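2 protein chains.
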Amino acid sequence: MKAIVTVMLKDGVLDPQGEAVRHALGSLGFAGVEGVRQGKVIELDLAETDEAKARAEAEAMCQRLLANTVIESYRVELA
Amino acid sequence: MKAIVTVMLKDGVLDPQGEAVRHALGSLGFAGVEGVRQGKVIELDLAETDEAKARAEAEAMCQRLLANTVIESYRVELA
Numbered sequence: 001m002k003a004i005v006t007v008m009l010k011d012g013v014l015d016p017q018g019e020a021v022r023h024a025l026g027s028l029g030f031a032g033v034e035g036v037r038q039g040k041v042i043e044l045d046l047a048e049t050d051e052a053k054a055r056a057e058a059e060a061m062c063q064r065l066l067a068n069t070v071i072e073s074y075r076v077e078l079a
Numbered sequence: 001m002k003a004i005v006t007v008m009l010k011d012g013v014l015d016p017q018g019e020a021v022r023h024a025l026g027s028l029g030f031a032g033v034e035g036v037r038q039g040k041v042i043e044l045d046l047a048e049t050d051e052a053k054a055r056a057e058a059e060a061m062c063q064r065l066l067a068n069t070v071i072e073s074y075r076v077e078l079a
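Going down the list, the sequences are from chains F and S. Be aware that the first sequence starts at 1, since it is given in the UniProt record's numbering, and climbs by one per residue. Be aware that the second sequence starts at 1, since it is given in the UniProt record's numbering, and climbs by one per residue.
Worth flagging that the hints you see were computed from the coordinates, not collected in a lab. Note that the structure is predicted; figures quoted are calculated from it, not measured. Any given hint could turn out to be false.
Treat identical chains as interchangeable: a pair holds within one or across any two.
As the list claims (entries may be wrong) - Heads up, simulated SDA-like pairs for lysine to any residue below, C-alpha to C-alpha not over 25 Å straight-line:
| id | residue 1 | residue 2 |
| --- | --- | --- |
| 1 | LYS53 | SER27 |
| 2 | LYS2 | ARG64 |
| 3 | LYS10 | GLY29 |
| 4 | LYS10 | GLN63 |
| 5 | LYS2 | GLU48 |
| 6 | LYS2 | ASP45 |
| 7 | LYS53 | HIS23 |
| 8 | LYS2 | PHE30 |
| 9 | LYS53 | PHE30 |
| 10 | LYS53 | LEU28 |
| 11 | LYS53 | VAL13 |
| 12 | LYS2 | THR49 |
| 13 | LYS10 | GLY35 |
| 14 | LYS2 | HIS23 |
Model the full assembly from the supplied sequences, consistent with the hints where possible.
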């Protein structure tokens, strides 16, 4: 089973990477970009086939390794 | 209009970041992780309100800045 984990900085946490992208897009002539936030996406191939267990496992991975829950939020989707 | 761009390494391109995550998950005791690919997600707040134009703009941004199309593929979703 495939789990797709998206990790983003929480609202209110400064995102210098996103700001850099916004400036670069402006320099390239893309007007009308009002905000950019950059995060990461992690695709996990899990041996687990039960949907509930796979979700629980992916969430445990987020808590322990994939996300810094002080400043980041995460979302798990199963596919 | 919000555009969510997901950029992943193409299949067949070595993903050392994903491999590092896979090893770390193994060390933490998560068995059954068969593969990990890591990519980036970029949330764009666009002034454009027309869906087709917003998508075209986001794709142009991917081509010119956000993705290295030699080794990365991208996907644009509008929300």
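Evaluation of the provided hints:
1. Taking the shortest alpha-carbon separations for LYS53 and SER27, only the inter-copy value of 20 Å comes in at or below 25 Å, while the best intra-copy value is 46 Å.
2. Only within a single protomer do LYS2 and ARG64 lie at most 25 Å apart by alpha-carbon distance; the minimum there is 19 Å, versus 30 Å between protomers.
3. Taking the shortest alpha-carbon separations for LYS10 and GLY29, neither the intra-copy value of 28 Å nor the inter-copy value of 28 Å comes in at or below 25 Å.
4. When the C-alpha separation of LYS10 and GLN63 is checked against a cutoff of 25 Å, the pair qualifies only within one copy, where the shortest distance is 15 Å, while the shortest distance between copies is 28 Å.
5. For the homomeric pair LYS2 and GLU48, the shortest alpha-carbon distance inside one copy (9 Å) is at most 25 Å, but the shortest distance between copies (34 Å) is not.
6. Only within a single protomer do LYS2 and ASP45 lie at most 25 Å apart by alpha-carbon distance; the minimum there is 5 Å, versus 29 Å between protomers.
7. In the homo-oligomer, the alpha carbons of LYS53 and HIS23 lie at most 25 Å apart only across protomers (21 Å), although the nearest pairing inside one protomer, at 42 Å, exceeds that limit.
8. Taking the shortest Cα distances, LYS2 and PHE30 sit within 25 Å of each other only across copies (15 Å), while inside one copy they are farther apart (35 Å).
9. Taking the closest pair of Cα atoms, LYS53 and PHE30 come within 25 Å of each other only across two copies (13 Å); inside a single copy the shortest separation is 44 Å, beyond that limit.
10. When the C-alpha separation of LYS53 and LEU28 is checked against a cutoff of 25 Å, the pair qualifies only between copies, where the shortest distance is 17 Å, while the shortest distance within a copy is 45 Å.
11. For the identical chains of this complex, LYS53 and VAL13 are neighbours neither inside a copy (31 Å) nor across copies (30 Å), given an alpha-carbon limit of 25 Å.
12. In this homomeric assembly, LYS2 and THR49 come within 25 Å of each other (Cα to Cα) only inside a single copy, at 9 Å, whereas the closest approach across copies is 33 Å.
13. Taking the shortest alpha-carbon separations for LYS10 and GLY35, only the intra-copy value of 14 Å comes in at or below 25 Å, while the best inter-copy value is 27 Å.
14. In this assembly of identical chains, LYS2 and HIS23 lie within 25 Å of each other by CA distance solely across copies; the values are 18 Å between and 35 Å within a copy.
Hint violations for this structure: numbers 3 and 11, all remaining hints satisfied.
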